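Per full-length UniProt numbering, residue 1 is the first one in the sequence shown, and the count goes up by one each step.
These aren't lab readings, by the way, just hints derived from the structure by calculation.
Every value quoted in this text rests on a predicted model; they were computed, and no experiment measured them.
Watch out, some of these pointers could steer you wrong.
[Claimed, not checked] With a Cα cut of at most 35 Å, we get these calculated DSBU-like pairs of lysine-lysine:
{"hint": "1", "residue 1": "690", "residue 2": "654"}
{"hint": "2", "residue 1": "278", "residue 2": "22"}
{"hint": "3", "residue 1": "725", "residue 2": "47"}
{"hint": "4", "residue 1": "64", "residue 2": "220"}
{"hint": "5", "residue 1": "98", "residue 2": "587"}
{"hint": "6", "residue 1": "434", "residue 2": "64"}
{"hint": "7", "residue 1": "363", "residue 2": "88"}
{"hint": "8", "residue 1": "725", "residue 2": "737"}
{"hint": "9", "residue 1": "197", "residue 2": "434"}
{"hint": "10", "residue 1": "88", "residue 2": "587"}
{"hint": "11", "residue 1": "88", "residue 2": "298"}
{"hint": "12", "residue 1": "77", "residue 2": "593"}
{"hint": "13", "residue 1": "737", "residue 2": "690"}
{"hint": "14", "residue 1": "298", "residue 2": "197"}
[As the list claims (entries may be wrong)] Label-pair distances were calculated between CB atoms; the ranges are:
{"hint": "15", "residue 1": "60", "residue 2": "604", "range": "25 to 31 Å"}
{"hint": "16", "residue 1": "308", "residue 2": "568", "range": "40 to 46 Å"}
{"hint": "17", "residue 1": "770", "residue 2": "632", "range": "41 to 47 Å"}
Glycine included, C-beta positions come from ideal geometry on N, C-alpha and C.
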Amino acid sequence: MAAMSVIGIDLGNESCYVAVAKAGGIETIANDYSLRATPSCIAFSGKNRILGVAAKNQQVTNMKNTVYGLKRLLGRKFRDPHVQREIKMLPYSVVEEKNGSIGIKVNYLNEEHIFSPEQCLAMLLTKLKDVAATALQTPINDCVISVPSYFTNNERKALLDSAAIAGLNVLRLFNETTATALSYGIYKQDLPAPEEKPRNVVFVDCGHSSLQVSACAFNKGKLRMLSTASDPNLGGRDFDLVIADSFCKQFQSKYNLDAKSNPRAFLRLLTEVEKIKKQMSANSTTLPLNIECFMNDKDVSGEMKRADMETLASHLFQRVEVTLRQCLEESGLSIDDIYSVEVVGGSTRMPAIKQLIEKVFKKIPSTTLNQDEAVSRGCALQCAILSPAVRVRDFSVTDVQNYPIVVSWDASPAGESAGEIEAFPKNHAIPFSKMLTFYRQEPFSIRAKYSGNVPYPDHNLGTWLIKDIRPNTEGKPQKVKVKVRVNLHGIMTISSASMYEAKESAEPESPEEQQQKEPQQNQQKSTEQQQNDTETPMDTNNGAAPEEGDKDKKKKQTVKSIELPIESITEGFSQVELNQFTEQEFKMIASDKQEKERADARNAFEEYVYELRSKVSSDDELAPYILENNRNELVRQLDDMENWLYEDGEDCHKQVYIDKLAQLKSIGEPVQTRKVESELRPVVIEDFAKSLQLCMKALELIRSKDAKYAHLSDEDISKVDQAFKSSYQWLDQARAKSASAPKHLPPPVTVAQIRQERSNFENTVNSILNKPPPKAPSPPKEDKNAGDQQNSQEDNGNQNPQQSSEKQEENMEWSPTN
Numbered sequence: 001m002a003a004m005s006v007i008g009i010d011l012g013n014e015s016c017y018v019a020v021a022k023a024g025g026i027e028t029i030a031n032d033y034s035l036r037a038t039p040s041c042i043a044f045s046g047k048n049r050i051l052g053v054a055a056k057n058q059q060v061t062n063m064k065n066t067v068y069g070l071k072r073l074l075g076r077k078f079r080d081p082h083v084q085r086e087i088k089m090l091p092y093s094v095v096e097e098k099n100g101s102i103g104i105k106v107n108y109l110n111e112e113h114i115f116s117p118e119q120c121l122a123m124l125l126t127k128l129k130d131v132a133a134t135a136l137q138t139p140i141n142d143c144v145i146s147v148p149s150y151f152t153n154n155e156r157k158a159l160l161d162s163a164a165i166a167g168l169n170v171l172r173l174f175n176e177t178t179a180t181a182l183s184y185g186i187y188k189q190d191l192p193a194p195e196e197k198p199r200n201v202v203f204v205d206c207g208h209s210s211l212q213v214s215a216c217a218f219n220k221g222k223l224r225m226l227s228t229a230s231d232p233n234l235g236g237r238d239f240d241l242v243i244a245d246s247f248c249k250q251f252q253s254k255y256n257l258d259a260k261s262n263p264r265a266f267l268r269l270l271t272e273v274e275k276i277k278k279q280m281s282a283n284s285t286t287l288p289l290n291i292e293c294f295m296n297d298k299d300v301s302g303e304m305k306r307a308d309m310e311t312l313a314s315h316l317f318q319r320v321e322v323t324l325r326q327c328l329e330e331s332g333l334s335i336d337d338i339y340s341v342e343v344v345g346g347s348t349r350m351p352a353i354k355q356l357i358e359k360v361f362k363k364i365p366s367t368t369l370n371q372d373e374a375v376s377r378g379c380a381l382q383c384a385i386l387s388p389a390v391r392v393r394d395f396s397v398t399d400v401q402n403y404p405i406v407v408s409w410d411a412s413p414a415g416e417s418a419g420e421i422e423a424f425p426k427n428h429a430i431p432f433s434k435m436l437t438f439y440r441q442e443p444f445s446i447r448a449k450y451s452g453n454v455p456y457p458d459h460n461l462g463t464w465l466i467k468d469i470r471p472n473t474e475g476k477p478q479k480v481k482v483k484v485r486v487n488l489h490g491i492m493t494i495s496s497a498s499m500y501e502a503k504e505s506a507e508p509e510s511p512e513e514q515q516q517k518e519p520q521q522n523q524q525k526s527t528e529q530q531q532n533d534t535e536t537p538m539d540t541n542n543g544a545a546p547e548e549g550d551k552d553k554k555k556k557q558t559v560k561s562i563e564l565p566i567e568s569i570t571e572g573f574s575q576v577e578l579n580q581f582t583e584q585e586f587k588m589i590a591s592d593k594q595e596k597e598r599a600d601a602r603n604a605f606e607e608y609v610y611e612l613r614s615k616v617s618s619d620d621e622l623a624p625y626i627l628e629n630n631r632n633e634l635v636r637q638l639d640d641m642e643n644w645l646y647e648d649g650e651d652c653h654k655q656v657y658i659d660k661l662a663q664l665k666s667i668g669e670p671v672q673t674r675k676v677e678s679e680l681r682p683v684v685i686e687d688f689a690k691s692l693q694l695c696m697k698a699l700e701l702i703r704s705k706d707a708k709y710a711h712l713s714d715e716d717i718s719k720v721d722q723a724f725k726s727s728y729q730w731l732d733q734a735r736a737k738s739a740s741a742p743k744h745l746p747p748p749v750t751v752a753q754i755r756q757e758r759s760n761f762e763n764t765v766n767s768i769l770n771k772p773p774p775k776a777p778s779p780p781k782e783d784k785n786a787g788d789q790q791n792s793q794e795d796n797g798n799q800n801p802q803q804s805s806e807k808q809e810e811n812m813e814w815s816p817t818n
């Protein structure tokens with residue numbers, strides 16, 4: 001059960017990692033190809049969906065139906081400039097849906113289908129869930145999934161929707177920067193005590209499609225993020241494109257080939273470029289690039305060295321430096337305050353990026369962490385901390401809000417003016433709640449939006465309508481408290497709203513009423529504490545009457561808290577849509593499973609046809625065990641089966657293959673059985689003969705009156721002798737029959753019969769020969785005085801204790817152990 005709640009998923013743009021927290025530590029799970037990285041690819045075919053490694057492997061051949069790069073499209077609209085820029089790099093078809101959202105058009109089950117990026121991502125999460133469930137041999141439900149720190153509300157919600165469709169319960173969407181920091185800090189035994197000055201560490205994560213830099217303060221048992229800076233459009237793939245562009249120009253002038261005009265050729269070029277880029281990290285010499293049959297049946301070649309690449313990508317390296325400096329500035333730390341700079345992510349292996357880190361932070365970058373798996377390990381640790389099923393060293397994690405959030409509200413007809421407040425400034429600690437107080441007599445709405453520089457065109461987070469507000473008995477506004485919260489996932493929401501209705505009371509509350517209230521208040525407090533949350537009241541400063549009022553009057557009033565319903569108008573799927581997509585996903589899973597079983601049945605049949613034919617055709621395999629005529633007939637039958645498989649039998653139901661395999665095995669298995677029998681029979685006959693030989697030796701010892709068998713009765717000896725003669729005669733006949741029997745006929749005596757006969761013989765003989773001798777009678781009791789006298793004689797003789805021990809051993813030798 002423990003494993004069910006402790007997986008962490010690093011959802012990368014290029015590949016994903018799944019880690020699990022176990023008693024022995026954190027382990028990264030290998031997929032069905034025994035690889036730790038699962039490509040973030042989903043492919044569609046006429047029969048099924050292909051996920052992960054298999055999808056990546058056929059990307060070039062099935063380009064238009066292989067979907068990848070989903071993180072860049074998640075939770076965005078089709079006309080988003082960011083999406084338009086992304087689409088230009090994707091070979092599959094991306095279309096605009098009626099509501100302006102993104103649709104991915106593919107051919108699936110020989111029909112045109114349009115899926116949302118969220119649905120496609122759910123398919124990938126289903127694969128990762130399946131990989132974990134197979135490795136851990138337990139169902140997977142709870143998890144923690146990583147998100148880039150720069151993801152906005154809408155992108156985070158979209159990812160949660162994908163997880164819901166895949167049937168995953170996300171305990172937390174964990175920022176990649178924070179996951180990295182946790183995987184670094186939790187194993188450090190030398191962190192300063194909570195009251196001491198913290199250890200400040202900078203983390204630089206440059207992956208396939210983005211750069212994230214964060215500063216973090218560590219104390220024993222806790223981490224606090226100080227600042228994060230990111231460039232969402234700067235990663236390894238941007239360096240690949242720069243290098244690919246250079247080679248395209250080389251091929252244009254050298255071979256008159258325009259690689260960009262052919263998507264398949266350009267995709268192949270990018271694959272080769274990625275390899276050469278990785279070589280450059282370890283090698284500064286000129287490196288060759290060769291691709292066979294690149295375009296128009298032409299082979300192409302080119303070369304590049306690291307210095308050339310660094311010149312071509314100088315503008316990208318400048319952007320890296322800007323991001324590094326931004327993080328340092330926003331953290332408020334000086335160079336001397338920083339303990340170390342840790343690097344993760346594949347692209348930080350570039351020497352130029354390491355040099356920039358050294359230039360900005362005046363420190364050599366450290367590689368304490370696993371560069372590829374640090375994020376998934378951090379997610380697994382966070383899942384273990386959050387899960388009640390696992391005991392783990394407690395480690396407090398305080399994250400930061402990346403973009404400032406401004407909350408605004410409408411004016412009221414009663415004269416209350418409209419207002420606006422920055423509820424969560426940039427780098428504010430999260431999760432966090434703030435309480436806003438209003439004085440209203442009718443329903444009103446609250447809006448939230450991002451302010452400042454946000455890499456998302458729509459800054460609106462949503463509108464929340466606070467309902468069921470009414471004036472008090474005097475027709476005046478009532479106090480309304482609204483809780484604005486940024487939760488564990490980094491999503492801003494209005495989590496609750498309460499109206500405090502004052503009622504006149506001539507008498508103070510009775511002790512009974514106070515007793516009833518206390519448990520409710522205590523319960524509310526404990527719930528608040530469980531949320532790992534800090535709550536701050538905020539004055540909305542909207543000119544409403546102060547809360548305090550007349551103190552004498554207050555004494556005579558009881559205040560009743562009424563929970564108010566909230567209607568939220570935000571981006572994302574409705575519950576009806578989520579249910580519909582979840583049902584569709586389960587249908588596709590069932591369809592994939594059915595197709596896999598069909599393919600497995602076909603493969604098993606095909607394999608048996610080839611295997612049997614090669615063995616029957618071979619002179620030293622099965623040929624001696626089947627008559628020539630029968631053999632020719634079987635080979636002809638197998639040829640027909642093979643032809644059928646590649647013609648009419650290409651796409652049959654699973655049961656057809658199972659039935660044909662059974663029919664074929666009814667002919668082939670008897671032949672194979674005869675071969676196995678023929679090879680095993682001499683071995684089991686020899687084993688039986690050895691047992692008979694051992695029995696014969698025992699009989700010789702009995703006849704020579706050996707003391708070992710002196711306790712056996714004449715009847716016992718007669719039974720052994722009879723069993724020996726009977727079995728010897730049976731084995732002699734079995735040998736003779738087997739020697740003269742033709743190999744192509746069923747054996748006259750089977751291996752199983754010989755083994756059974758030997759077992760019966762050994763059971764009979766061993767039960768007698770291993771019979772223990774009767775126990776010797778106990779010696780007669782001696783006179784006590786005589787015993788004392790004997791003891792004194794032994795004492796006078798100074799008997800050696802070792803002699804006594806030897807006597808005991810001598811007695812033990814005759815105990816029935818043989």
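Checked hints:
1. 690 <-> 654: It is violated: about 49 Å lies between the C-alpha atoms, which goes past 35 Å.
2. 278 <-> 22: Answer holds: residue 278 to residue 22 is near 33 Å, not above 35 Å.
3. 725 <-> 47: The given pair, whose Cα atoms are some 67 Å apart, is violated under the 35 Å limit.
4. 64 <-> 220: violated (51 Å)
5. 98 <-> 587: Given that 35 Å is the threshold and the Cα spacing comes to 25 Å, the pair holds.
6. 434 <-> 64: violated (48 Å)
7. 363 <-> 88: violated (39 Å)
8. 725 <-> 737: holds (19 Å)
9. 197 <-> 434: holds (28 Å)
10. 88 <-> 587: holds (32 Å)
11. 88 <-> 298: Distance ~26 Å between residue 88 and residue 298 Cα, so the pair holds.
12. 77 <-> 593: Within the cut-off at roughly 33 Å; holds.
13. 737 <-> 690: Since the Cα atoms of residue 737 and residue 690 sit roughly 20 Å apart, the hinted pair holds (cutoff 35 Å).
14. 298 <-> 197: violated (64 Å)
15. 60 <-> 604: 25 to 31 Å: holds (29 Å)
16. 308 <-> 568: 40 to 46 Å: violated (54 Å)
17. 770 <-> 632: 41 to 47 Å: violated (56 Å)
Of the hints listed earlier, those the structure fails to meet are numbers 1, 3, 4, 6, 7, 14, 16 and 17, in rising order.
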